[in-house]
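Peer 1: Read off the chains here:
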Amino acid sequence: MKPAPFKYHAPTTVDEVVGLLAEHGYDAKILAGGQSLIPTMNFRLAQPAVLIDINAVSELAYIKSNGDGGLRVGALARHAEAEHSRLVAEVAPLVHATMPLIAHPQIRNRGTLCGSLAHADPASELPAVLVALQGRVRASRQGGSRWIAAEEFFQGIFTTALEPDELLAEAAFPPLPSRSGWAIQEVARRHGDFALAGAVAVVQVDEGGTCTAARLVFFGVGEGPVLARQAGAALVGAEPTEQRIADAAALAANNDVPTPHEDIHASSAYRRHLVEVLGRRALSQAFARATAEER
Amino acid sequence: MTTRYFGQRIKRNEDPVLLSGRALFTDDVHLPDMLHVAFVRSDHAHGRIVSIDVEAAREREGVVAVYTAADLGDYWQPGPLLVPPPPIEGIVFNARTQVPLAKDKVRHVGEPIAMVVAESRYIAEDAVEDIFVEIEPLPAVVDMEKALEPDAPLIHEDLDSNLAAHVVQTKGDYEKAKAEADVVIRRRFYYNHGIAAAMENRGMVAHWDAKTQHLTMWDTTQAPIAIRNGLAAMLGLSTSQVRVIAPFIGGGFGPKIMMFYPEEVLIPWAAMKLNRPVKWIEDRRENFFATTHERDQIHWAEIALTKEGRILGVKDTFLHDTGAYDPYGLTVPINSQCTLLGCYDVPNYYSEFKAVFTNKTLVTPYRGAGRQHGVFVMERLLDIAARELGLDRNEIRRRNFIPPDKFPYNNEIIYQDFVPLVYDSGNYEPALNKALELIGYEQFVKEEQPRLRAEGKHVGIGVVAYVEGTGIGPYEGARVQIESNGMVNVATGIGTQGQGHFTSFAQVVADQLGVDVRKIRMVTGDTAEFHWGTGTFASRGAVVAGNAIHAAAAAVRQKILKLASQELEVAEEDLELGDGKVWVRGVPDTAIDLGTLAVKANPLRGAVKPGTEPGLEATAYFGPERGATANGVHAMIVEVDPETATVQIKRYVTVHDCGRVINPLILDGQIHGGIAQGIGNAFYERIIYDDNGQLLTASFMDYLIPTAMEVPPIEIDHVETPSPLNPLGTKGAGEAGAIPTGALFAQAIEDALAEYNLEIREIPLSPNRLFELIQEAKAKKGGA
Amino acid sequence: MSEQMTIRVTINGKAYERTVEPRLLLSDFLRHECDLTGTHVGCEHGVCGACTVLFDGLPVRSCLMFAVQAHGHEVTTVEGLAPEAPERLHPLQEAFWEAHGLQCGFCTPGFLMTLVPFLEQNPNPSDEEIREAIAGNLCRCTGYQHIVSAVKLAAAKMHPDPSLRETR
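So the protein sequences, as listed, match chains A, B and C. Counting in this note's numbering, the first sequence runs from -1 upward without gaps. Counting in this note's numbering, the second sequence runs from 192 upward without gaps. Counting in this note's numbering, the third sequence runs from 27 upward without gaps.
The hints are simulated quantities; they were obtained by calculation from the structure and are not laboratory data. We put the CB at the ideal spot given by N, CA and C, even for glycine. Hints may be right or wrong, so weigh each one.
Said to hold, decoys possible - Examples of chain C residues toward chain A, derived with CB under 8 Å:
1. 29
2. 30
3. 46
4. 70
5. 72
6. 111
7. 112
8. 115
9. 117
10. 159
11. 161
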């Protein structure tokens, strides 16, 4: 299990990175944390001709608060940094709570948040979190950059809106408005494994306790993060009672989520069942947080 | 003799080098000019090799050689039959053993086809991608039941079916017993016992020294002496020209006793042919295909009982998947057949199995070695019977335990060691009582469980019992020698894979010789140090090698006493040994240290009495007449979330009886590790093939080994019933923890989900499977 | 032969300069180029944790890094924990020895390298925290129980002030 040969570049600035991407495009892969890429290369399932290692691009190594009170993470921000960051805990508690679910400490010491997003593994948590929070990513290429909304960014299994000459330079997680709540729930075979199914809920209530917004996103059950629009719409405008939450979760399982895939660990039926159970649990927990919150 | 070390929880002699990263494992052997090997392995489960094009690979820079079966000439031979079939009347056994490189046909995915030797493993893997093998695919034989259908494709075309073996063993007359029974229960059971997945993959380094005409091979084997003997024969060398070293081994668990793996045949051959050291280290992906599995059996089992729950008889018919070849004979299915009887007095038994060739990796023993399959069937039958008869699950076991006064107990069938299955000793009820007490059974079922159930929690308890045939023959040997500096050298032929032999064996010697346990230098698994032996398997190290070492040490003790009595001019009975010295009892200043005595025992000039052997050294062998039977009870409390179908272990208790214990600390570790593997087997690990014989679980991302989060703290207690079959009174313990866990999971989960009335008849489980079982139960309930 | 690069890596405080292919895994570099064979390789796909080393002080899987990425960085391997070993061991190694936290010893260096920084950050861990910290390291022999005991023991050895430890 040794990787095939490749040409290695270790640029130190974003300009150099996008220059190399412009030159090599389809032949090149960005190496950030490498925690998904290198195993694939060791199995020789991926044999990129060129690796552009961005670990020395210090301008990408940041986690900072955004002007809007949200969070911005550069392409070199590692999971472990977010996990131990007070700032992340304050402005993006959902992101913070997600970190311990991602693999194990050694992986989180190398792995990056932007890498998780760019890799777009359908079973991974962060893409769903980004969609639930209505975050965006910034793609840089030679001569400029563009922001891409989360919902447009994830296009399928390991597929994103990034062009071959683009670098995912940073991600932005907007702040949670007041009286909002969040939750992430998943079932994995073992601690730290990719989820068989998972649900992220971000909700908001008004002073009277009526739901004003609800976003429920699933991972591990589709080709990417699956936003349950009907379930969300069904909750808005009413008080989130136990029954309404259960109905919304059932709606998500039956209408919003296309037939989940089947693999050696979970049947389609089991995944659909988990969508309902985890959807309900995530919504309940999120509403409980929203109601408890007085900000 | 005062016993000082035997039975003590002393820390291990081998640990400092292991802890500091200074121990030698096979892949740590670096030799100048060493070459590296990678294999082209079959992508097809079953097919005919049409052509192999190795030209591009041979031309690649850094590639030294590429070999296919055609290049091996006469050296190409099917491997030896490692375990011949036991002498059972009417037995059918078709031996078809693995080949070094596939010649005409491939019979499982991962079977080696070509061997690349290159300057680095990286280059060797590049060259593997250059090689084109054209294979005409044949339909794959994957399903055991379909394999025996008349129109099934033949894996070995010289046979008229895919039948590898057919064995019937009986005790008494089951049909007669059945006719007298109040209750007869019949069920189909499925048990799949995955793979060992030792953390260290296999590997070997071979070095041929052309000047001395000597071959050295470092090999991750559990049986270095047998490898040495076989290699010498295959390569046309004397055994004195071959040295096989099994250095520190990163876990064995059974598959590393298998021989000869194709790589074991090819690596030393290539080293001789190329006259350069050659290394092959299996990678994890290869390990899934190329190292043996244990896998599955299907049982159709029947139990006949009185209404009081007394067993009148058991009938079991099963299919055993042996994979593409069967060099390890029938050890696994015979173990299943024999261990099924468990702790119980079963007067009538009919057991019949067919072993079946399939287009899958070979099946050989992995920790438990078929025992779990048998235990699962029997324990499940008893649980179902208890339910049907309205009996407590512990009570039905109690009523059928073999009573202590019935030992030795003859089961009247032949065991894996070719002799009748006779339990040497046992006392089963105290183990059950202790386990129930330790887990607080009464309190749990009467108070805690009802209370938690009222809170909406799904908690359940399981209690199961098992026996383990251990410490079988044929024999092991050891040499014990006191050196002139007072150090004690001990050499034995078996290899060690983490069992603490450097310490437990040293404890046995230290007690005999009265020396510090830290002054004993153990060598295991080096054929240059000890010439005879069979290997580490069947939980036999402490029993067979332990007793050989004990005998050798006792003989050295006799030599010490004899020589000292001459030197000190007193009777041997008046001497005492301790602190590395010998002295006249009550006269400490007569003490001679053993090193000095060792020098006296090896005079350089002068004369000795005729018949005198030099040195304070002795070699001894031990071969038990048959194996020793250990036993135990495991109990567990689980909580199940019926919505997500996930299971959490709340408590795990085991009470174990393996006779006299040399080092309880090491024993606890063995039990913990066995249970962790049992938990993996019961709920996490599963080898999955698709209909084409493709292995779908060939990585640690898909084959799920439990982590520290999935294995709970384990509470251990012991019962000690010494074995009368060996002087130390020991029984084996290596496999015990892993054996009953599947049965335990089934019972505990059923109990936790009592409202669904599940009947679990298969292992492994998973959240997905449990979800399906719950859905089925709900549908049945709804439909009823 | 593909392109080669000369790299300088500080390992256990000592500078190593080697010329390697970019694709050489850090684990292979340590083991086969620098002869630091205490770091073991169990899966080469980032699951088993046997190859864990400290990279600039943090535990990482050395099979999921290329040696060229270590150029100019510091790596600590198990050989660096106790320079006078095996005669003198690190307190964590001592605790593993005393508590029988290892059997075959193959996974052990990975556990040690995961746990040394863990205990520095969390001198008084609970059983649950210990289990979570080692969940990225597979052990097939011990069932983890004696490893957990060893970590508790090490915590006591390394931070002997009882006021810093609650009794659990």
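Peer 1: Which of the listed hints are broken here?
Peer 2: Numbers 2, 3, 6, 7, 8 and 9 - these are the hints that the structure violates, sorted from lowest upward.
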